[in-house]
Amino acid sequence: MGLFVVQFLTGLSGAASLFLVASGLTLIFGVTRIVNFAHGSFYMLGAYLALSLIEALPVPRGTWGGAPFWAAMAAAALGVGLIGVLVETIVLKPIYKAPELFQLLATFGVILVVQDAALWTWGAEDRLGPRAPGLRGSIEVMGQRMPVYDLLLIAVCPVVLAGLLLLFRTTRWGILVRAATADRQMVAALGVDQRWLFTSVFFLGSCLAGLGGALQLPKGGADLAMDFGIVADMFVVTVIGGMGSIVGAFLAALLIGELRAFGVLFFPESTLILTFLIMAVVLVLRPQGLLGRAEPADAPGHDAEPVRPADRTWRIAVSVLLAALLALPMIADPFVLVLAIDVLVMALFAASLHAIMGPGGMVSFGHAAFFGGGAYAAALAVVHLGAPMTAALPAGVVGAALLAAVIGFFCVRLRGVYFAMLTLAFAQIAWSIVFQWTEVTGGDDGLLGIWPAAWAADRTRYYYLTLALVTAGIAFLRFAVFTPFGRGLRAGRDSPVRAEAIGIDVARRQWAAFVLAGAVAGLAGGLYVFAKGSVFPDEMAIPRSFDGLMMVLLGGVNTLSGPWVGAGVFTSLQDWLSRMPFWRLTLGCSIIALVILFPQGIAGFVRQRAHRHRDRGS
Amino acid sequence: MSLLEVAGLRKAFGGVVAVDDLSFALDAGRMLAMIGPNGAGKSTCFAMLGGQLRPDRGSVRLDGRAVTGWPARRIWRAGVGRTFQVTRTFGSMSVFDNVQTVVLSHRRRLRSLLRSARGLYREEVEALLETVGIADQQARVCAVLAYGDLKRVELAMALAARPRLLLMDEPTAGMAPAERGALMRLIEGICRERALGVLFTEHDMDIVFEHADEIMVLARGRAIAHGTPAEVRADPQVQAVYLGEA
Ligand SMILES: Nc1ncnc2c1ncn2[C@@H]1O[C@H](COP(=O)(O)OP(=O)(O)OP(=O)(O)O)[C@@H](O)[C@H]1O
Ligand SMILES: [Mg+2]
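Residue numbers (my numbering), protein chains in the order written: chain L, -5 to 612; chain C, 1262 to 1507.
If we strip away everything but chain C, and leave its shape as in the complex, we get:
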């Protein structure tokens, strides 16, 4: 039994079939890259796994338990953390407060009206900020951060609830090349160390081939190839639809 098992997943928007009959599995401690040209259906797939969208068909299992169509907050409690392609943080709050909010929610302390949230779980939050390398900006408001830094905040938010599965939609977008490598090494380290399953999308092929254990190639909603980086690189169909273009 794998950490994540997806079978026959499908989503259509009106006439556009964004994801079609998608099946794959991901084990704990492994990095799976989902690649494909713009509009291939990667983000739509992530949204179905994260609970932002309801699949039309198919099933999603987490440790064997069907979580298909669950609301996002329930999937999150079941151990799925995610980042978004277009970052979604709490713009009016400081970096610290963003991450602290997740910790509070994870500890089920977010309902209290009796005390101020100030300073709660300070060490834990600061450790997370340290991990993703943004501790020096913790007092800044998210609305004014650079895009690459927002991606880091999102990563800290995703890690704050100690997930078993991490979904990352273009985690390094908006970063300088050197930063990208460092961030991916960090993610890979966490993945191995904590035995996290990591599913990520990325347009930078160097990063994909360097960090992924497996690669799945999507084109028009369908998986056209799935295998080790070497297998995928050699696949003629992949070269035709995707790598050839790049």
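Here chain L stands alone, though its shape is the one from the complex:
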């Protein structure tokens, strides 16, 4: 009995940070409709800032000895709030009018910048958090011991919730926030200064993330992996609660907190999976989350543009590119060839993600599941079944397709942000299975020694094999857009209601496209394994999915050539920059700059220029 009570209390305390972070995210989303990926970075900054402040502040003697600690906590939260305002003003303000996907891309850029800024300021080492003064020990609850600090955390959740609700019910600002969350046009019509409202919401939301990070400090310390570490959790909580709903986030944080606390007792191996399973169940039963508002049926994810068949200039450009790629082994040294293989593989991966994002209108945050899924399927076929490369590559395709069939089955019922979040959650499940199932997958150590067949072992030959398969894959995906199948898919994206009213089963078609894209991503994954000779869980982790998104968005979602242009630019940039110190900072700043300069993507920009030029000429 005592064990259960303590476990229950532990669950409540675990919910505190989750709630603080998620409430900030949901608040920002509710008002600005921006999914702030960098919110996890704010959380991390909260922990580091608190740490530095605690170390810097002098400790007075006597009863006020604890004051600096608590002052540091509060100051860290406010500091992060100001950083949030800075980010909002510099990065997001210029692109509020751009399609929402570009705002997403900009927040990726911010993640990278913060990562390097934190590395530079606080160093690579994990830092232990100082104990909270006065709350160091533990107390006995029904024969079980639990840390006193947990009691504080338990109290924080309801207090912050009450404070927020009070703010929303009683102040004019709070009423505006609620109105904006419910209906943005209305607030605009009321003549409210949206800029000010957005900035202030960013301040409060970031403060909450910072506070979450700071309060977490005495328990978990601070490290550079905190940002991506919390991303999945905070999405799970906001999505289960319903995007935009603070009370929903509260309930969801409690649910997840308790689930973890008790999950550890019964299924210690699979707490991660349990979390995402709950999210999947909630979303399948209630697609808008516990307290969220259903999205309108006919709201396309982005302003789709017409697809254009290849014109002459394009054909010439692609022919030249292909000729150059064919000639590459004769002119370039082996290092360039290695990079070229990477670029090609990533181009195929990005093209497969683009197939569902562009023509399908489904923005996936978890596409790495299929890249990694294909990689692991191929690698497992080699390691456990002794399959040759010619069998392992198809095994990768089939494995990824099967995984996509299962994940897609659940995801295609959802739209917009919810779809994105559910794909992320499933990708995390896939990742945690690979990570935890050590006997089969090798866990963190990965699978090694997976080399191409003898006929393709030579670097140049493998390059040509990759070039052939990647070109075929990209050509197939491009062709598919113009087939009746692709037409129906675009129809479902442009107007699901109209598409259903002319006999198209939109969800089913999206599912089919999802599986197809998964299969192609699996081919990319398989090629990647044989190029590297090994595979690690990282290939299915969140950063890999984000890479894919960045490539597609950099290239331009509305452009069929976008994904491979984006992959080329992004992968080369990353390769080039990663040899320098603080390359993430440079990459992040480049991304932010690119987003602000080319809100329609690089290929989109070039195309727009070309068309404008032609329209003027004719």
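Everything labelled a hint here was simulated from the structure, so no lab data went into it.
Even for Gly, the Cβ is constructed at its ideal location relative to N, Cα and C.
Accuracy of the hints is not assured; some may be wrong.
What the hints assert, rightly or not - According to the in silico footprint, chain C covers these stretches of chain L (three or more CB under 8 Å from chain C):
(1) 467 to 477
(2) 496 to 508
Stated by the list, open to error - From the derived model, a few chain L residues whose C-beta atoms are all more than 10 Å from chain C:
(3) Ala111
(4) Glu134
(5) Pro262
(6) Ile267
(7) Arg287
(8) Asp452
(9) Ser528
Given the coordinates of chain L, assemble chain C with the ligands onto it according to the supplied hints.
Chain C with the ligands alone, transformed into the frame defined by chain L:
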């Protein structure tokens, strides 16, 4: 047995009863106008007939077969074409592609991954565009069309699957008066010629009284009158709630 038979149809949104105990029938080759003030429940009724909304209660029969609560795509296959009050077309596609997509779907050719859709069923699509008078704009993208032209595209899309029943929610909204008359004459011609049942809503009373064989008047979700134009015009209750206001 009528082409369309509706009995006891009802739909509520929370506390608002949008359509309440609605019953009527429509025969092939006839034009039935549904009129009523804003918020009377006309579009909600159309959505239930078209499968966009599930009725709370009541039944919808098509040629005697119950289609109540079927998904929209199945009702469409059963021969019901429709246009929407707020036009719904595929904004990123050309006018031609919009209509061609319907033809492809009707012919069950929309699943193929093996060949390009380009040029398929060209004559059939162009004939449809010609019929509704928008052939000259076929290469334009729907997102840039004027509202009245979008209504025409929707009409071509609705006709493309050779429906037996046509549901049209304000087919002439956004058009100039002269255009309106021409479009309604076109619709009426098709209705008679192909023995289509046409159910339409319209706020322009001249059009309603000129083209409808029967008129049904809705107010707050209920049918308060149903009859020939002459009967409806003479109905005192109708004059009180509706015509009097206009
Ligand atoms: N999705 C919905 N959710 C809530 N209420 C709705 C919804 N759709 C319609 N209503 C309500 O149902 C009632 C009927 O609306 P409906 O659109 O059917 O009227 P209408 O007769 O088509 O009006 P109009 O002439 O303006 O097009 C209105 O009170 C409307 O506010
Ligand atoms: Mg209406």
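Take a quick look at L/Arg287 and tell me if its Cβ sits farther than 10 Å from every Cβ on chain C, holds or violated. 14 Å, holds
Please check whether the segment 496 to 508 of chain L has three or more residues whose CB lies within less than 8 Å of a CB on chain C. holds (count 4)
Just double-check L/Asp452 for me: nearest Cβ-Cβ distance to chain C has to come out over 10 Å. With a cut-off of 10 Å, L/Asp452 remains clear of chain C, as the shortest Cβ separation is near 34 Å.
Going by Cβ atoms, does L/Glu134 stay more than 10 Å from chain C at every point? 51 Å, holds
Whether L/Pro262 stays farther than 10 Å from all C-beta atoms of chain C, as the label says: Its Cβ never comes within 10 Å of chain C, the nearest being 44 Å, so this holds.
Since L/Ile267 was said not to touch the interface, does its Cβ keep a gap of more than 10 Å from each Cβ of chain C? 34 Å, holds
Confirm or reject the coverage of the segment 467 to 477 of chain L by chain C under the rule of 3 or more residues with a beta carbon closer than 8 Å to the chain's beta carbons. holds (count 4)
Measuring Cβ to Cβ, find out whether L/Ala111 lies farther than 10 Å from everything in chain C. The claim stands: L/Ala111 keeps its Cβ more than 10 Å from every Cβ of chain C (closest is about 40 Å).
Assertion that L/Ser528 lies farther than 10 Å from chain C (Cβ): 34 Å, holds
Of the numbered hints stated above, none is contradicted by the structure.
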